[in-house]
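A.B. asks: Each residue of the sequence shown is one higher than the last, beginning at -10 in my numbering.
What the hints contain is simulated information worked out from the structure, not anything from laboratory work. One or more hints might be untrue.
Under the rule of at most 35 Å between Cα atoms (straight-line distance), these lysine-lysine pairs were calculated in the DSBU-like manner [as the list claims (entries may be wrong)]:
hint, residue 1, residue 2
1, Lys154, Lys144
2, Lys31, Lys79
3, Lys31, Lys175
4, Lys144, Lys193
5, Lys193, Lys175
6, Lys144, Lys1
7, Lys31, Lys193
8, Lys193, Lys154
9, Lys79, Lys175
10, Lys79, Lys154
11, Lys144, Lys175
12, Lys79, Lys193
13, Lys175, Lys154
14, Lys144, Lys79
Pair ranges (Cβ atoms, derived) [said to hold, decoys possible]:
hint, residue 1, residue 2, range
15, Leu73, Ile42, 17 to 23 Å
16, Ile65, Gly105, 46 to 52 Å
17, Gly177, Ile76, 24 to 30 Å
18, Asn156, Glu21, 37 to 43 Å
19, Gly55, Asp184, 24 to 30 Å
20, Tyr20, Gly72, 38 to 44 Å
21, Arg146, Gly177, 48 to 54 Å
22, Pro33, Gly115, 27 to 33 Å
23, Lys31, Gly115, 30 to 36 Å
24, Arg146, Asn41, 24 to 30 Å
25, Gly143, Asn80, 42 to 48 Å
26, Val83, Glu164, 47 to 53 Å
Beta carbons: idealized from backbone N, C-alpha and C, even for Gly.
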Amino acid sequence: MPYLACTACGEKHPLATHLRCTCGEPLEVRYENLTPPARLEKEPCFISRNINIFPFPNLRPELSLGEGGTPLLEAIQLEAATGLTEIYLKNETVNPTWSFKDRGTSLGVQAAIQLGLSHVGTVSSGNMAASVAAFAARAGLEAYVFVAGDIPEGKIRPIAIYNPKLNRGIGDYGELYFNALALGEKHGIYFISSDNPFRVEGQKTL
């Protein structure tokens, strides 16, 4: 059975909405008495392909945006320059919002649905913000994106097209992050940020 465990003290927690242990450190997904199952490599959809290794049983493949399944490209010029052979690069820019972070967001949004939540959020100035906004829109969830007040307008456009609730903050990233988390706790916003344990599980598929 899957459960959450503290990355510092090891305390066990059920699969739930909290992102931190009672000691204040991040949580991660662990499995008890489970032989790691195989991925279903022939499945075309990211969720269907990895459903056996994700911690929730009733995931919804129809909410996928085509993430994952990115190509390995042989780096011919790099091979020539280094004298090495069989160098391949994983091209994650072909993901829906052009980033590997779509893998983690996909499972993070699925987790929010499984946990009965309808509001998700993130603190970011780029890829993660666009990713959370896109997958939330696909799933019909309300997305709250917190960005620094001085973020260039060019970085706002790829986020705004998904129509999230965009919030500009002040201060450095750390200050903005913890202020946003406090606001999320007060208003029931589930944050799919870099330390979300289900986001991390999704990114392991890379």
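A.B. asks: Mind listing which of the numbered hints don't hold for this structure, in increasing order?
C.D. replies: 3, 6, 9, 15, 17, 21, 24, 25, 26
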